[in-house]
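Take these sequences, add in the hints, and give me the full structure.
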Amino acid sequence: MKSSTVGRHIRESVKSIGRNGWMTFASVSAVTVTLLLVGVFMVIMMNLNKVADDLENDVEIKVLIDLQADATAEETLQQQIKGMPGVESIKYSSKEHELNGLIKDFGDDLSLFKQSNPLRNVLYVKAENPQQTAKVAKKIDALDNTYEVLYGKGKIEKLFHFLNVSRNVGIVLIIALLLTATFLISNTIKITITARRKEIEIMKLVGATNWFVRIPFVLEGMWLGLLGSIIPMTAVSILYAQLHKAVAPRLQGEIFQILDVMPFIFEIDLLILLMGVVIGVWGSFMSVRKFLKV
Amino acid sequence: MIEMKNVYKKYPNGVVAINGLNIKINQGEFVYIVGPSGAGKSTFIKMMYREEKATSGEIFVNGMNLSTLKNKEVPYLRRQIGVVFQDFKLLPRLNVYENVAFALEVIEENPSKIRKRVMDVLDLVGLKSKVRMFPDELSGGEQQRVSIARSIINVPKVVIADEPTGNLDPDTSWEIMKLFEEINARGTTIIMATHNREIVNNMRRRVIAIEGGLIVRDEHGGDYGYEI
Chain E
1 MKSSTVGRHI RESVKSIGRN GWMTFASVSA VTVTLLLVGV FMVIMMNLNK VADDLENDVE
61 IKVLIDLQAD ATAEETLQQQ IKGMPGVESI KYSSKEHELN GLIKDFGDDL SLFKQSNPLR
121 NVLYVKAENP QQTAKVAKKI DALDNTYEVL YGKGKIEKLF HFLNVSRNVG IVLIIALLLT
181 ATFLISNTIK ITITARRKEI EIMKLVGATN WFVRIPFVLE GMWLGLLGSI IPMTAVSILY
241 AQLHKAVAPR LQGEIFQILD VMPFIFEIDL LILLMGVVIG VWGSFMSVRK FLKV
Chain D
1 MIEMKNVYKK YPNGVVAING LNIKINQGEF VYIVGPSGAG KSTFIKMMYR EEKATSGEIF
61 VNGMNLSTLK NKEVPYLRRQ IGVVFQDFKL LPRLNVYENV AFALEVIEEN PSKIRKRVMD
121 VLDLVGLKSK VRMFPDELSG GEQQRVSIAR SIINVPKVVI ADEPTGNLDP DTSWEIMKLF
181 EEINARGTTI IMATHNREIV NNMRRRVIAI EGGLIVRDEH GGDYGYEI
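These protein sequence lines map, in sequence, to chains E and D.
Counted from 1, the first sequence has number 45 at position 45 by this note's numbering; the numbering is strictly sequential.
Counted from 1, the second sequence has number 217 at position 217 by this note's numbering; the numbering is strictly sequential.
Treat each hint with caution, since some may be false.
[Unchecked claim] Derived CB-CB ranges, DEER-like:
1) D:Met203 x E:Trp22: 28 to 38 Å
2) D:Asn167 x E:Ser4: 31 to 41 Å
3) D:Met203 x E:Ile191: 43 to 53 Å
4) D:Asn110 x E:Val40: 32 to 42 Å
5) E:Thr5 x D:Gly221: 40 to 50 Å
6) D:Glu98 x E:Lys2: 16 to 26 Å
7) D:Asn167 x E:Arg197: 19 to 29 Å
8) D:Gly14 x E:Ser166: 51 to 61 Å
9) D:Asn110 x E:Val278: 54 to 64 Å
10) E:Arg197 x D:Gly38: 20 to 30 Å
11) D:Arg186 x E:Lys2: 27 to 37 Å
12) E:Ile191 x D:Ser129: 47 to 57 Å
[As the list claims (entries may be wrong)] Residues on chain D that point at chain E, a partial pick, calculated with CB under 8 Å:
13) Pro75
14) Arg79
15) Glu105
[What the hints assert, rightly or not] Pulled a few chain E residues facing chain D out of the computed Cβ check, cut under 10 Å:
16) Glu199
17) Val206
18) Phe212
19) Val213
Honestly, the hints are just simulated from the structure, not real lab data.
Just so you know, even glycine gets a beta-carbon here, dropped at the ideal spot from N, CA and C.
Written as structure tokens, this is what we have:
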């Protein structure tokens with residue numbers, strides 16, 4: 001394609017945006033509203049995901065070691081657990097260390113127990129995949145020299161189930177929103193193109209190739225997508241920055257956190273922009289197709 | 001030049017528009033296509049620039065076989081054919097100059113050549129003084145001149161006109177016909193479907209009469225032939 005043609009296509013597509021003022025406004029509004037919804041939804045989804053991950057990663061198995069076990073037996077047990085498939089990490093904590101932790105949490109009254117420590121040495125085990133915790137715990141329970149294996153039975157199953165369901169619901173909603181947006185935009189561009197049916201017909205009759213006819217419309221769709229993503233990008237960025245400012249300090253020290261403003265906002269903005277462009281291009285591509293058969 | 005061999009055209013709704021038609025038109029000829037409405041004139045014309053594809057039979061235009069021509073090659077066929085319509089088909093938002101230049105822009109002609117070519121052609125059709133006017137500021141005859149200018153801007157070998165005087169008064173029609181004659185004198189083949197008895201009878205050329213999808217008469221220097 002000649003460079004003068006590229007210039008013409010760009011000029012034509014920009015001119016058409018201005019020329020079809022109200023249609024442009026309608027398309028851009030449709031993109032704006034949908035992308036805003038999708039953007040807000042993505043922010044919620046991705047943060048929910050982060051919280052879920054944090055919670056999941058906090059799940060660990062506490063293995064109480066049998067009092068009969070001597071240092072070698074403890075070492076063997078550690079090696080056995082380390083060698084298990086699905087185990088990510090293992091941390092040893094002596095009973096003195098455990099007691100110190102309790103004293104720190106519940107106060108000096110517990111110092112009395114320093115004389116005769118009733119606690120046991122403990123191994124903290126983390127599963128590679130948190131959802132596999134129960135399985136790993138069961139396997140550890142079968143090993144020698146374990147007194148008890150604790151992992152929040154029942155509670156974590158419920159948590160995982162809840163997280164999985166909310167993740168899937170979120171994905172379905174986002175896909176549904178995107179499809180609606182594409183449908184809306186493709187319809188709006190179809191109206192723009194219908195208004196220019198005569199122009200396309202003449203272009204075809206004087207010997208324009210299909211690509212020559214198509215490119216200005218596809219570019220126009222792209223501009224509409226770009227224009228439509230400006231407000232959602234700005235709004236989501238500002239709102240999330242504010243939200244983060246308000247929420248993040250309250251979560252200080254909690255086991256779960258929300259996502260940092262950077263680079264999260266950058267990613268979200270890029271995604272919104274990309275979706276706007278893809279929706280616009282695809283929508284106009286689909287709409288122009290049937291008008292090319294002249 | 002243009003040749004049709006045993007051409008049939010059946011539309012999806014079952015109407016047989018062309019029913020085994022044979023014709024040969026040589027380079028430089030001026031041909032009237034006459035016949036009652038619904039006889040197949042428009043289909044006959046549309047098949048030449050592949051707006052309609054023949055159901056069977058072979059069509060040759062400028063050495064291209066239209067029955068085997070791929071869809072993506074159609075634009076290159078159309079660049080060799082100028083088409084003029086009864087309703088002009090001008091773009092209302094473009095002025096005279098832009099409407100004519102449009103035909104060169106869409107085939108990616110060199111911008112430096114466009115201006116000179118457009119002005120030359122507008123000079124030929126006598127509209128050089130109205131280049132900045134828009135179609136709705138022109139009379140019907142002037143609009144048809146613009147559309148003729150657009151059809152010949154690529155210097156096509158054939159100009160096909162579907163009732164170009166159908167919307168014009170008799171005087172204007174004659175001016176348009178003179179223009180076609182001038183274009184024909186430069187060696188361009190003209191194929192014109194028309195209902196204008198006066199023109200056919202006064203400007204004697206080859207007349208092809210189509211009825212029921214068949215050629216019922218083909219005579220050089222013939223008359224319109226149909227009585228009202």
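Each hint tested on the structure:
no., hint, verdict
1, D:Met203 x E:Trp22: 28 to 38 Å, "violated, 49 Å"
2, D:Asn167 x E:Ser4: 31 to 41 Å, "holds, 36 Å"
3, D:Met203 x E:Ile191: 43 to 53 Å, "holds, 45 Å"
4, D:Asn110 x E:Val40: 32 to 42 Å, "violated, 51 Å"
5, E:Thr5 x D:Gly221: 40 to 50 Å, "holds, 46 Å"
6, D:Glu98 x E:Lys2: 16 to 26 Å, "holds, 19 Å"
7, D:Asn167 x E:Arg197: 19 to 29 Å, "holds, 20 Å"
8, D:Gly14 x E:Ser166: 51 to 61 Å, "holds, 58 Å"
9, D:Asn110 x E:Val278: 54 to 64 Å, "violated, 35 Å"
10, E:Arg197 x D:Gly38: 20 to 30 Å, "holds, 25 Å"
11, D:Arg186 x E:Lys2: 27 to 37 Å, "holds, 29 Å"
12, E:Ile191 x D:Ser129: 47 to 57 Å, "violated, 38 Å"
13, Pro75, "holds, 5 Å"
14, Arg79, "holds, 4 Å"
15, Glu105, "holds, 6 Å"
16, Glu199, "holds, 6 Å"
17, Val206, "holds, 4 Å"
18, Phe212, "holds, 6 Å"
19, Val213, "holds, 8 Å"
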